[in-house]
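Chains as they are written, first to last, in our numbering: chain A, 1 to 110; chain B, 1 to 114.
If you are wondering where the hints come from, they were derived from the structure by calculation, not from laboratory data.
Just so you know, nobody snuck in bad clues.
Stretch-level coverage of chain A by chain B, calculated; a stretch enters the list once three of its residues show a Cβ under 8 angstroms from a Cβ in chain B:
id	region
1	45-55
2	93-100
Here are some chain B residues pointing at chain A (derived, C-beta under 8 angstroms):
id	residue
3	SER2
4	GLY42
5	LEU43
6	PHE45
7	ALA56
8	PHE90
9	GLY98
10	GLU99
11	VAL100
12	THR102
13	GLN103
14	PHE105
15	GLY106
16	GLY108
Think of the CB as a built atom: it goes at the ideal place given N, C-alpha and C, for glycine as much as any other residue.
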Amino acid sequence: AQSVTQPDIHITVSEGASLELRCNYSYGATPYLFWYVQSPGQGLQLLLKYFSGDTLVQGIKGFEAEFKRSQSSFNLRKPSVHWSDAAEYFCAVGLRDMRFGAGTRLTVKP
Amino acid sequence: DSGVTQTPKHLITATGQRVTLRCSPRSGDLSVYWYQQSLDQGLQFLIQYYNGEERAKGNILERFSAQQFPDLHSELNLSSLELGDSALYFCASSQAAGEVDTQYFGPGTRLTVL
Numbered sequence: 001a002q003s004v005t006q007p008d009i010h011i012t013v014s015e016g017a018s019l020e021l022r023c024n025y026s027y028g029a030t031p032y033l034f035w036y037v038q039s040p041g042q043g044l045q046l047l048l049k050y051f052s053g054d055t056l057v058q059g060i061k062g063f064e065a066e067f068k069r070s071q072s073s074f075n076l077r078k079p080s081v082h083w084s085d086a087a088e089y090f091c092a093v094g095l096r097d098m099r100f101g102a103g104t105r106l107t108v109k110p
Numbered sequence: 001d002s003g004v005t006q007t008p009k010h011l012i013t014a015t016g017q018r019v020t021l022r023c024s025p026r027s028g029d030l031s032v033y034w035y036q037q038s039l040d041q042g043l044q045f046l047i048q049y050y051n052g053e054e055r056a057k058g059n060i061l062e063r064f065s066a067q068q069f070p071d072l073h074s075e076l077n078l079s080s081l082e083l084g085d086s087a088l089y090f091c092a093s094s095q096a097a098g099e100v101d102t103q104y105f106g107p108g109t110r111l112t113v114l
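Here chain A stands alone, though its shape is the one from the complex (with noise of 0.2 angstroms):
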């Protein structure tokens, strides 16, 4: 079955100190991958895309994903978090219809 699974449901890091976000993907074939950020009360907004090539993908606000087949994995990392980065940041993937993980919320502390 077709899964998303993003394992951590809440993380808090300090301002200036990098960030991993997990996301892991069950699929019958290599998906295209996707990484959404939603602030409060905002819609999502895309931070980046895998579709093939160069496995590391350059996004918005400075984040970066790599993606690993073996591991089925697709990790989004920022060297060094700002206080605005604090939102809820979802992965996505599909082929034909976008599955959405369950969302990550990410608290920054000053």
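Given the coordinates of chain A, work out where chain B should sit on it, guided by the hints.
Showing chain B alone in chain A's frame:
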């Protein structure tokens, strides 16, 4: 600003009632998707329309229906509302018909059923 607009922003209604949510996609996008976001179910795909035709169906209840009009705006109709239908309803649009592509999300409509 994603370019996707949704109205109304908030909607409060009573159980048993019917409401209509409206979505205008980004200019040039032919696909419209509807999602429901609730605390217990997360973000659930409801339905997709492409250029006026239903393309894919997800976890959409029979009490819910949608359509896409010739000008490409879409409406989601929710009837016989129950307390559990309270949620954020998002519309998204993309250029894709079949395979997934980047979806651009609207700001959502928050539905409260009392």
